[in-house]
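> Each chain, written out:
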Amino acid sequence: MTPLLSIRALRVRFPTPAGLVDAVNAVDLDVFPGECLGVVGESGSGKSATFLATLGLLPSATIRTDGIFWKGRGLDPDALRGREIALTLQNALTALNPALRIGTQIEETLAAHDQGGNRRDRAIALLRRVGIPDPARRLYAYPHELSGGMRQRAMIAIALACAPHLLIADEPTTALDVTVQAQVLDLLRTLRAEQGMSLVLITHNLAVAAGNCDRIAVMYAGEIVETGPAARVLTTPRHPYTTGLLRSHPSLDDPEAPLLPIPGRIPDPGAWPSGCRFAPRCSRHVAACEAPQTLRVVPDGAARCCQAGIA
Amino acid sequence: MWLANRASHLITVLIGTSLAVFAMMWATPGDPVQIMLADQRATRAQVAALRHEMGLDLSMPHRFALFVWHALHGDFGRSFFHHRPVIDVIGERLPATIELTLAAAIMALLIGIPLGLYAGTRRVRLPDRIVSLMSLIGVSMPGFWLGLLLMLVFSVTFHLFPVSGRMGGGDQPPGVTHLLVIDSVIAGRPDMALTALRHLALPAITLALPMAAVLMQVTRTAAMEVMPADYIVFAAAKGLPRRRILFLHVLKNALAPAVSVAAIEIGAMLGGNMIVETIFSWPGVGRLVVEAIFDRNYPLVQAAVLLYAVFYALLNFVADMLYRVLDPRVAA
Amino acid sequence: MSASLALSPGTLAFRHFRRDPLAFACALFLLMVALIAIAAPAIAPHDPADADLLRRLQPPVWMSGGDWSYPLGCDGLGRDILSRLIYGARISLGIGVFVVALATVIGATLGVLAGFVRGLPDALLSRIADILLGFPYLVFAIGLMGMMGPGLSNIIITLVLKEWVVAFRVARGETLAAREQDYVEAARAIGCRRARIMRDEVMPNILSPVVVVATIRMANVIIMEASLSFLGLGVQPPAVSWGGMVADGRDVLAGGWWVSTFPGLAIMLVVIAANLASQGLREAFDPRLRQ
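Sequence order for the protein chains is A, B and C.
Read in order, the letters of the first sequence are residues 4 to 314 in my numbering.
Read in order, the letters of the second sequence are residues 22 to 353 in my numbering.
Read in order, the letters of the third sequence are residues 4 to 294 in my numbering.
Hints are supplied without guarantee of correctness; some may be wrong.
[As the list claims (entries may be wrong)] To spell it out: a stretch of chain B is covered by chain C in this simulated footprint if at least three of its residues, at any positions, have a beta carbon under 8 Å from a beta carbon of chain C; those stretches are:
(1) 161-167
(2) 172-181
(3) 317-326
[Unchecked claim] Selected chain B positions facing chain A (in silico; Cβ < 10 Å):
(4) ALA70
(5) ARG150
(6) TYR252
(7) LYS259
(8) ALA277
(9) PRO278
(10) ASP348
Since the hints were derived computationally from the structure, they do not count as laboratory data.
Virtual Cβ for every residue (Gly too), placed ideally from N, Cα, C.
Could you put the whole structure together from the sequences, leaning on the hints where they help?
Below is the structure:
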């Protein structure tokens, strides 16, 4: 099956006062039609930067890649943004223009992509579809007048306005409380089923990825360290970082079990280790870890570890 | 409710302002009556009669109450110099000042805001630095010097613009709005409109420059703060064309602080008027006030200061309301 | 960095300021002008009031008819422009510094009082401040000077009357924030009297924002004084002010452009320097503003 979105060897660097900083290094990613890909990692792992760079939303960054493909052809961000690929951001309060009404922000998306028909009606239908009550009135509301959960839904409504094939949701639940999180995730699941839309779920929360994704890609320090089907990655991780992440999450099976945090801290972006970037924190550190690691194919996926494939 | 709050604040300020203006009379050296009678020999009885007529023999609070009462009725006494009611004298000269201030304000808005927007949203530093330099010069250059320089270059050396007046002694169009450019257009006389514009040009530019410079700075700073915001990234992610992002999303958020500043700057223009009108012999209220000062024509000075202050207070009130419209978060 | 913890915020800010070449250069320029002004009697080649109609409208040295003894030419009464510029600096710069200093002392003191004590003094002072702010600056200044009459003391009174409000608001705002701080609570808890707290705890901490604002205001005061002098409402002859010099040149614009141009240029350069230096100072104290 041809992937919908295919990223090869993406490298993103940002200029800082201290020089160029590697935010994303050698990322290969595929997103297949109809699937939900979870991209999991701590903040600073490069997960947002990967997709922002792909969509051409990082004008100050230097971007190198062997190729980014959409449906098998070269990806043109300007043509696809908002139309076939949509993005939502973490904090809906800051993502929506505080000086414009919700209706305006929906309708302008429709207008930008030349969607015919009565835009106001379509906007109301979109709001209804994401579960916002009394949508006709809400059209005239300002973002700060809505609750957190409704704002998130409104942002999703805007993203879906032109029925995109792929929705990239950057931390869709992080700014919400737990009950609202579940609602939003349910909404995304329903919308996916209705439209056959692919979803990239960027999150630092393994549990969110676990419950919703078909495949998971784990990122650390700007690199992909493991990919694979969700079930496999969560039960049989092949990279020590993934193992560490799983161990540091509370488990329903054994609520009394102690949480084991990963020792150490993620290094500063300017100062990545020259070999394996996880090596300083890894309990399975060997001499071979001093060399830069490549992504190795393992049963059901890939892992960036010199010991992957070894039980 | 904030409206009632602001309105009561406005009224307090207006009362306080009238008190302050009234108190200014205290500051004058010399006796107003003696000044009025400066040229004539007067008997004690005449002096006393004049004092009584001017209400100078009443108590201070009484005088203040009368002052406010008369002011509300538009009665500011009689001008020493013109021997006519002050309000009439001011009224005659008002359209000239209005035309000048309006032209300058429009010019400043049309130059300052777009340039500030441009400077604040470019990635490249160069246009930004140029605009910053321009605005630094604009706020640092004394208005009276700029006016004289413009006059020197464009009127005296190159004879491109006239040196003084509104129509230079030519015919005037029939008075509809008493704004000569508009009246000329209404009367279908483009030649008159052109003459009026030529006379208006240098004074208006002189008056407009400081305000344009400040607007440039404020809009630039506001735009720079808005550009990295999440909602701009999201607007780009939606696929909106760059022009719409700039002129709607960025501008609407950058405009709010610019509006407050614009109100203050127009207030500053009320003072700047006095200088510009003096330099260019523009027959407006500003020049009238300066002349009145040297004529010791205190009722007129007092009335003008009070009217300016009232106008400024109303202006700030309107700007406040406009700010709330532009930034809906403030109303919450 | 542990080293920076040991330095006071003032010293730290001064170091940053020193590293900003533009702002530092402007500050040095202003210092130089101040020194020239102070040393005027020693530096100025001629008596600024010395008029000789034979030298009337003599052009600057680089034009035909000019000579080195009157490098910037003479005005309509034959007085040396250069000497008048030097003496004029005393008024223009002097009033700027003095008015801002006086207004800041008065305004900051009242501001701390209002912010700390609250209640009636605060309400009263804030109302007065609002009323004074309700007048456009130049309108107020011209109106009051017009009523009071020209002269050095009247200008100072008028400008201080408008300027104290700025320092008042800054000091009051900072005090309102400071009084919530723990160190004020602690002082109160051990029984310090209010006046002592205001003087010893609050004032040192609000000093930097107040000083920064004061330097920013100087540019404005210089322009105001010049504008008043231009209209003839400023200091009176034989005192020399740059604004007055520009006004002198107005009548002879066609025949002697230098009479108005040089004093106006002086004003602009000093104001630009004041603006850039105070901007640099503000950035030195608030790292967030550095771009």
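> Compare the structure with each hint and give your call.
Structure-based check of all given hints:
no., hint, result
1, 161-167, "holds (count 6)"
2, 172-181, "holds (count 3)"
3, 317-326, "holds (count 5)"
4, ALA70, "violated, 64 Å"
5, ARG150, "violated, 18 Å"
6, TYR252, "holds, 4 Å"
7, LYS259, "holds, 4 Å"
8, ALA277, "holds, 8 Å"
9, PRO278, "violated, 12 Å"
10, ASP348, "holds, 6 Å"
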